[in-house]
Amino acid sequence: MAIPLPFIVVASLVLLSSKVSSETNTITQFQPLTYGTNLVSEEGTFELGFFRLGTSSNLYLGIWFKKIPQKTIVWVANRNNPINNTIINSNSNNSTELTLTKEGNLVLLSSNNTVHWSTNATAKSESVKPVARLLETGNFVVRDEKDNNSENYLWQSFDYPSDTLLPGMKLGWEVTTGLNRYLTSWNNWEDPSSGHFSYGVSRGNIPEMQLWNGSSVTYRSGPWSGFRFSATPALKRRSLMNINFVDNPMESYYQVFPRNRSMILRTVVNQTMNALQRFIWDEETQNWKLDLVIPRDGFCGYNYCGSFGYCAVKDNSSACECLRGFEPKSAEKWSEGCVQRSETRCRVKKKDGFVKVSNMKIPDTKTSWMNRSLTIEECKAKCWENCSCTAYANSDITENGSGYSGCILWFGDLLDLRFLPDAGQDLFVRMDISKIEENKDSSKKVVIGVTSIVSSIAAVLLIFTFFYRRRKGKDTKAKINESEEGDLELPLFDFDTIACATSDFSDDNMLGQGGFGPVYKGTLDGKNIAVKRLSDTSAQGLKEFKNEVIFCSKLQHRNLVKVLGYCVEEQEKLLIYEYMPNKSLNFFLFDDDMNPKISDFGLAKVGKGDQIEGNTRRVVGTYGYMAPEYAIGGVFSVKSDVYSFGVLLLEVLSGKKNKGFSYSIHSYNLIEHAWRCWKECIPIEFIDTCLRDSYILSEALRCIHIGLLCVQHQPNDRPNMTTVVTMLTSETTLPHPEKPVFLMQRVLVEEDVGQNMYCPTNEVTISEVEPR
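In mature numbering (1 follows the signal peptide of the UniProt record, and there is no 0), the protein residues as written are -22 to -1, 1 to 750.
The hints are simulated quantities; they were obtained by calculation from the structure and are not laboratory data.
Calculated pairs, SDA-like style, for lysine to any residue (alpha carbon to alpha carbon, straight line, at most 20 Å):
# : residue 1 : residue 2
1 : K267      : H714
2 : K634      : D666
3 : K505      : D486
4 : K344      : E314
5 : K329      : G303
I would like the entire structure built from these sequences, with the hints used as guidance.
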């Protein structure tokens, strides 16, 4: 039997209408949202509907990201009153729905008509035509369709956030209505009910961002200084975010906006981590990438060091110190804070004054006063006149740090201080400056006395060392002959024999200049050899040098030049290698079959401390590859080679050598340039132009990230090479690198490296990464 054409047309229209309605973003009085249907924002970024979490049978109404594969909830309506399984199962026909009343209120009803959540909007007029709509921002709003202003809302979900801050959402207070918008954590990943942690704007004399555990403050951002909070680092010019903080008599609120509108991000209060976390969606890995954690290091909780004490992070742990002129009340219990060594004499010139403390997260503003129109001098005068005033600071700082204005005064104890090397601001603390001047004079006298004593001792030691080394040189040959030659398993050659083999070290036989001395070609027993002549007596003893030679002789590898023997006689130390016919020892080495070879394995410590590059009068290591602890203090470890690998990795990525590299008018070196590009997520400025058509952005950033981890200032902060290989070959989460301190000392380091450098160590390392 044929189906009539009109019936087919009507059926098609009904199905089409059903599909369209399932993709709508709107609820009206006559079109509620029922169980099994969802609202979708106009461009499909967000979705609102019913959901369950994990193995829980509880039903919730909420909003999540629609465009990404991971269902990430950003708002829950009935978080504290779920629709439980009993109610659902008692009604085989689940009629749970979200309705909109004629007054403009949303009501969530379960199958037995129990109200599980509702709004309490107040319409401005009795004749409203309410409509509820899910916006592309993730904001679920109710408005009057008769109102021509599309941004006038009867109610909006952004005013009642759950645990997630979305771009454009406001956190803070409205003075006229008393509305307070703040985030509250979930109890756990299966339970979105209100947890213990919350984040929002404090309501006091000077508003700031705070994280609370219940009613206790665990973190405070410090006041807004005009372009950042006191406790946060300055935003880079190419930061991914714009921060907006508004503080006026009508309202105080905080907002975050991505500079790239297509970026998907969320900021979440995480009760499990006791922290605020910001995530950015990574399209390459199809996963959330952690971008920010507050508190950023987990150290120095609120008022950790008590009044007038400040917290500083040292060696990955928190340490308490007192402000200058103060001392701890109890060395065992820092939470009791610090007290002044002597009472200030209020308004007495030359006795009562202020001491500047830089890079300080300024104190809790509970007992403070602010005036944005005063200059810093007027601020100082106002504090000096009031004997209860304990400190003052600027309230506003321009973005480039060149301009200061406004005034904050503190009265009573100074609480929650922290030293922040990359943030904070100047704080001026009141104290008895006469005592400080006395301490300065005493310190000068002590320094002068100690300097004189040290200079005298140094002179005596230099004289003693001169005569000792002179005597030691004469006895060297006798000592080596007395040693048990059988222990070495390596031939000991006579100096005259090697001199004869090389035509008395003739310039015609010189193959090149190696890292530790000139290299000569010679003939011994009818075979060609290469002789490396170390330029001066080693800073090590004879026994240590023998141990190093023994170690090198036992290393057998297809790409290592074989050590055939050695010679030690008076001021001479020679190493005899197998001869490489292809290319000289100061560049690439190849044997007869063109297999690559390297030499000098583990011999970086056999040179003398007064050598310089090129003529073998210094401990050898290629400039730009040496780890800071080696370049400055002569300390070797396995992590020194990790540093060298990190530099090499950054060189491969950039196509530039670290030594001599300078970027832009700021004269960034290669590591500093890598740090800036990684922090600002602009690898295109760092990666070699030859690679720009063949790399993936996330992989490039990851490689720069790994390189920066390898060049950390402290050896313990660098990964070992096994971990580096894992990082390069997997997608494991990487730790956050600190800014390499070596960058901030580069002028000093270059001066030090270019002069005296002595490395007394018995550890073995690959000293030179650059092929020679």
